[in-house]
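A.B. asks: Top to bottom, those sequences are chains F and P.
According to UniProt numbering, the first sequence is numbered sequentially starting from 1.
According to UniProt numbering, the second sequence is numbered sequentially starting from 1.
Read the hints as simulated data drawn from the structure, not as lab findings.
As the structure is a prediction and not an experimental result, all values here were calculated from the model.
Be careful, since some hints might not be right.
[As the list claims (entries may be wrong)] Okay, the calculated beta carbon distance ranges per label pair:
(1) F:310 <-> P:348: 56 to 62 angstroms
(2) F:216 <-> P:158: 44 to 50 angstroms
(3) F:122 <-> P:89: 55 to 61 angstroms
(4) F:238 <-> P:383: 52 to 58 angstroms
(5) P:337 <-> F:155: 40 to 46 angstroms
(6) P:296 <-> F:56: 27 to 33 angstroms
We put the CB at the ideal spot given by N, CA and C, even for glycine.
What follows is each chain in one-letter form.
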Amino acid sequence: MTTHATARPATKAAAKPATMAQALQRAMRDAMAEDPTVHVMGEDVGTLGGVFRVTDGLAKEFGEDRCTDTPLAEAGILGTAVGMAMYGLRPVVEMQFDAFAYPAFEQLISHVSRMRNRTRGTMPMPITVRVPYGGGIGGVEHHSDSSEAYYMATPGLHVVTPATVEDAYGLLRAAIASDDPVVFLEPKRLYWSKSDWSPEAPAAVEPIGKAVVRRRGTSATLITYGPSLPVCMEAAEAAQAEGWDLEVVDLRSLVPFDDETVCASVKRTGRAVVVHESAGFGGPGGEIAARVTERCFHHLEAPVLRVAGFDIPYPPPMLERHHLPGVDRVLDAVARLQWEAGS
Amino acid sequence: MDSLQQRSSTVQEPPGAARAYRPTPPPAWQPRTDPAPLLPESEPLRVLGTDAVADADPELLRRLYRELVRGRRYNAQATALTKQGRLAVYPSTTGQEACEVAAALALEERDWLFPSYRDTLAAVARGVDPVQALTLLRGDWHTGYDPHEHRVAPLSTPLATQLPHAVGLAHAARLKGDDVVALAMVGDGGTSEGDFHEALNFAAVWQAPVVFLVQNNGFAISVPLAKQTAAPSLAHKAVGYGMPGRLVDGNDAVAVHQVLTEAVARARRGGGPTLVEAVTYRIDAHTNADDATRYRGESEVEIWRAHDPILILERELTERGLLDEDGRRTAAEEAETMAARLRERMNADPVLDPMDLFAHVYAEKTAQLREQAAQLRAELDAESEAG
Ligand SMILES: Cc1ncc(C[n+]2csc(CCOP(=O)(O)OP(=O)(O)O)c2C)c(N)n1
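Extracted from the complex, chain P is given alone in its bound form (with noise of 0.2 angstroms):
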């Protein structure tokens, strides 16, 4: 009753009379972390065509040169392939080369590659064999190469996915005590994915060793960036998960090798994860499947032919007496001789044993599939008995 009166009084109160009681404020409010280390640059980070040039080892601008042109001919090929029937559906990755070989050249040994269905080129660059890497894409096994061989994990079909994969290696590895590094790869579009949103949280929670790269390639399919997000940047992500982001031009290979080798620096000495958008440009349609001139046109397609990786690199090194015909030629002859050799090793059939599809689904088969796999070596031999 008491305090039913003392209520109703305090209503009573008139208006603007002083309150006996004052709340305590709550403890002063501070940022967790600073937040303007994280920000990423105010436009996307260039190498070529400034004197920071200078700086790199000219051996890796060569190589950084033989790769892309490679990796270009590895595109051209693989659409090629398509047209003939021997691969059911190729994503090129022309015009992005850059991107796919400094992913491949920034990792170690130790570490891994989590590519999506795209980034077959930086597999490839990573030292998987060009046929193995296309089993998914021609359509006889879903990953052709063991993953643990070269340290590239399978490429990811459903978008972004495969990032919490490489957060929770990455973590795993640090937990075992080894300095292993996960570089995780993922488009414009992907980023919109729940995934990736958790990916980067878990990561930055755990201080894990993971560099999450971006190819900004300007669609996801037909949709364009504008309307994938609202924020100033995708690099600009990573200040709301507490990690650093970088904003990088993904056509100038020397700057994407140099922002992916230091966030993979940072990250092997316990700096935890990096966010690292490479602004580039998908030349060709999104698959060999899609009609890009529904949604784009020819004219936006144009200025970044001009702004191709290939051509920029290769200038600043012909200007800077890094390479000449010679160099160039013997590149080409490079590209070339991969070419044919998966040309070759494509146009012969794959020979596949029907009874693999009950190989690997569980350790040991279940009874049902032992019932299943009779079932079907029954049909297999009395087909061959037919003939």
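Pulled out of the complex, with its shape left as it was, chain F reads as follows (with noise of 0.2 angstroms):
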């Protein structure tokens, strides 16, 4: 990923290509660094470093009592933490994979969503939950599922995806900072993507709940998030050949959501399409979508369409290039907005 909006400066003599884990990693480490408070616990992710060495080395640099290797049990990782964020520290929870994530959701939903709520903002929950999610790396069951909408429909939590390098190492940091629970959906397939963005070059905190523009265009907007990025960035350059000129616009955040940007967008171009990999059927893209019609109705020259996963559960690995919404089912989507009333 090196095509992106955010102004970075041009550091590339001294650039070095960091992949996003490592971006993810360095956002720990120098929040850690920083403040004291900041704890980062989770299964195997200490002397490991995480199943995707995204906490690789923090353990030992911090030690043990800051980088904390738990009991196998996310509710009670969670539900830990949720103490520790009582006592004033900030916990950085590292979830293994999204589907390892339900057993916590108690904790999640029942407490950490609404403690803050329940208490009268006397007992903020500074946690960050921090979720490898999505499918395309060829994973076994329960190690590929998109789990967003689970956490969008729950009031209480901010809900964070970055496709970036940039972003993961700029949202990571905002997360942690943030006063309220985070839910930060990692997109493993883009684990190993790369950047020139410099580890050593100052780096940008990015905001949570300003999405982005990624490539300006006139003719539909994408609005996608996470993994699908690089998807919808490859199937607007695809699209040029047809004649569409297409804006992406790449969310970072589904809660709070950035109706601004996104109507902004549609409203210049007059058609949109939603693209993500989770099932279509209650699925994020059915809100957006929603949001959008209500908003930009009469800029609309087509329905909001969407592109999305099967209303399936996710597929064995030989079989999940035809669930994942790839760029001709983008590209088919964007010929459907050469919509006629009636047709």
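Bring the two chains, given one by one in their own frames, into a single complex with the hints.
C.D. replies: Below you can see the structure in the form of structure tokens.
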């Protein structure tokens, strides 16, 4: 991912390509160095550095009290993090994989998301829950779920998902600094994507809740996030040949939702497709399409379309390419935007 | 090929023939912890009615008595408030006051209490304003008090989910170098929840300064203990986690106070967590909305009425000359004053600001919440204009 709108000093000469995993790791390291209340915890995050090595070296550098290998129990990890937050710490919790976060839902929904509300603001929950999510890496069952809709449906949580190396750093810093709980969804198939973002360069903390336009265009807007951003960028390039000049909006934050950036784009282009890989039915696309329709109805030349994963349990790896929305499916949807009333 | 031949020759070996290969024995197995010191008492510890009472501080005994009487009156008053529609629901701890009061009194000011939805009384005994402790049950706010003020976490409605919070807080306090202990309360039914297991396991692995107090009052709504667990006792569960289990008569306020005080002291000096099972009984129904006659007989309740925590302490104190008619009257009057004050304050309608709905969802309102707040504001303005 090198196409991005966020301005960063061009330090190409000094720059070493960095992966998203490294950017996330540096975000935690910087946060821990600056703030002694930041604690990283989860399964295998210490000695091993996490199964994706995102926490590599943190236990060595900050000690096992700051980067802790916990017992294997997701509800216990998040539940103890709640108590730690009550006592003034800022836990950064790693859930090993999307589908293994489900045992912690009780804590997330019943306590993490509503403790501030329940206590009239006296007990904020500055917890970051990092969840590697999504498919495309050939994982066996329970290693590829896109669970964002569940989190989005829970008031009190922020739901953030970076798609670029730069954002992985900037948004994770913001998540850790946030006084509210953040579910930080890491698109695991982008962990190894690179950028010439330099880990040494001064890095920006990105505000949560702001979408960015990754590509300017005039004929339609692709609204997307996380693992589907590269797909949309590729589709936009391919669409040029067909005479479509596509704009691509990267949401970055699902909650809060940036209606302003999204609607400004749709008003410019008059057409929109929402692209994500989680199931379409009851998925984020439905919410987004409804919001766009409510706000931009008179600007729309066609219904807002959705390109999503099928409404099936995540398929086995040998079939996942048929499930994941790819460039062709996005282009088909774009073609359907040639909407004619009554068609 | 060679290895294949070798393998087939092994297969052809006649049965019983001497084998060249012997597996290296694994290292001799050792238990990680000697289980014997972790085992609970063979029957619930009692102090009342034994010579051990002589060791108890008379001031403490009198204090326990007054708190029990006040607690009983609080339960009766809160139950009456449900009948008047002032409280939506009240889960009474009548019969369990010894556990509630001992829980509060076993803690130092800097310690934390993590109550379940039933433990209003423990919160009040710890200093929480009685009216604020009831907002959850009255329906005006989920938590009426500031948890930091008396170090009482919000009353937890989902069972056992507050237990890992207690572990996390105690762990955090220890990391910061504070000698703070967390006491977490749960019912017998709650011990079947996964969070109970995870909390005990984390606490033991981290050697967190936590005390778990199970109030085994015989039932989870209607389900008796026999259908909840097959363990010898709930205190026995501790052994599997590597922490001591203690079994105590939950109606014996002195015994509960003693066991909890010891467990808290042990946690404070770095000895790790303890699981305490207090065997008690819920005299009232599960809540005012429950019909207890469907699942238990009056004769069983009668047995426990005879073992009432106030009754047995009162007898002991009277026998030892620590309580006379005057003392009883003073305690009753104190309780009556508290109840009258509670009644009076609960009879005032709470004044609620609907705009508070949006006040504490996030540190800063999202754009979506600002829009919704504006909508509600307009609705309220229209309502007040219409009169
Ligand atoms: C997770 C969860 N499941 C179910 C309930 C509904 N419920 C409320 S109280 C209760 C029984 C609890 O029994 P126990 O743990 O023994 O506590 P007690 O009520 O006896 O104090 C149940 C099932 C709940 N509050 N939380």
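A.B. asks: Each of the hints needs a verdict: does it hold here or not?
C.D. replies: Hint by hint, here is what the structure shows:
| no. | hint | in the structure |
| --- | --- | --- |
| 1 | F:310 <-> P:348: 56 to 62 angstroms | 57 angstroms, holds |
| 2 | F:216 <-> P:158: 44 to 50 angstroms | 48 angstroms, holds |
| 3 | F:122 <-> P:89: 55 to 61 angstroms | 24 angstroms, violated |
| 4 | F:238 <-> P:383: 52 to 58 angstroms | 55 angstroms, holds |
| 5 | P:337 <-> F:155: 40 to 46 angstroms | 42 angstroms, holds |
| 6 | P:296 <-> F:56: 27 to 33 angstroms | 58 angstroms, violated |
Checked against the numbered hints listed earlier, the structure breaks hints 3, 6; every other hint is satisfied.
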